[in-house]
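**Q** Sequence:
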Amino acid sequence: MKIVSTVEEVRAQVKAWKKEGCTVGFVPTMGYLHEGHASLMDAAGENDKVVVSIFVNPMQFGPNEDLASYPRDLDHDAKVCEEHGVDLIFHPTPEEMYGDNFYSYVDMNTLTQELCGLSRPVHFRGVCTVVCKLFNIVTPDNAYFGQKDAQQLAIIKRMVKDLNMPLTVHGCPIVREADGLAKSSRNTYLSPEERKAALVLSRSIFLGKEMVEKGERDCKKVIDAMTEEIEKEPLAKIDYVKMVDLITMQQITTIEHGVLTAIAVYIGKTRLIDNFMIEE
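Quick note on the working numbering: the sequence shown kicks off at 1 and runs consecutively.
Keep in mind that the hints were calculated from the coordinates and are not lab data.
Each residue gets a CB set at the ideal place from its N, CA and C atoms; glycine is no exception.
Everything hinted at is true.
Pairs of lysine to aspartate or glutamate residues, derived as EDC-like cross-links and limited to a Cα-Cα distance of at most 16 Å, are as follows:
id, residue 1, residue 2
1, Lys2, Asp87
2, Lys209, Glu256
3, Lys209, Asp224
4, Lys161, Asp107
5, Lys157, Asp245
Cβ pair distances, simulated, as ranges:
id, residue 1, residue 2, range
6, Asn101, Gly215, 52 to 62 Å
7, Asn109, Lys19, 37 to 47 Å
8, Lys221, Glu20, 49 to 59 Å
9, Glu213, Glu177, 19 to 29 Å
10, Phe206, Glu256, 19 to 29 Å
11, Ala12, Ile238, 42 to 52 Å
12, Thr93, Ile252, 38 to 48 Å
13, Lys19, Thr254, 49 to 59 Å
14, Thr93, Asp218, 44 to 54 Å
15, Lys214, Gly45, 28 to 38 Å
Take these sequences, add in the hints, and give me the full structure.
**A** Shown next, in the form of structure tokens:
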């Protein structure tokens, strides 16, 4: 396994692989890797070669968000990548990715205007721009993203479709701790008391999913039940609990086809997300 930090090195390696007829799978990450990321690397193993990027992207963080404190540990990340068959890690600096003067952005409307896009206005412009750049640098055949970031997954799939990018985007299932909490690098911010309180996210998700699976089609009833469950936890502060169309990310009132139910909740100062999807 190689670790490189320049665009030139990535391009040279991928070009050599493609000359040999190899397919390339790609997993973009911000590092501090956990079992959720590892499951994406395992899925990418269906390709001949696997590339992982580790880059904490400053463009997708708002002014008062956790860019400076976001956990970083390249030695740990390299070990995880090696254990899961990764061939190349791309670990650039912000200067390598954006240079001195950067003027070009990839933006999107509609899909980015709900859920996390509403709470974090600059976030998805940063995500789309960096992922577009990474796709152009790595030129993968397949790219892998977790369904925990369901809105991000929908947005990237749409960007690839709209901009005729020559790759396939794959969504991979949420990986959870034994007690149900969705794996997240931000879980490390939680104190023991907050970690226990954070289980309210998965409890409300499982409650909502059960209601829908038993036939409930009124979104308000599902949202109200989930909200009530979250509000039982004193340390929890709701950012949003919403049900949206799986394709457009717009709010719906009745479940008629594919639906994403997504929540964002602050536990103390830490913002956590979770969701479930019903694809019909």
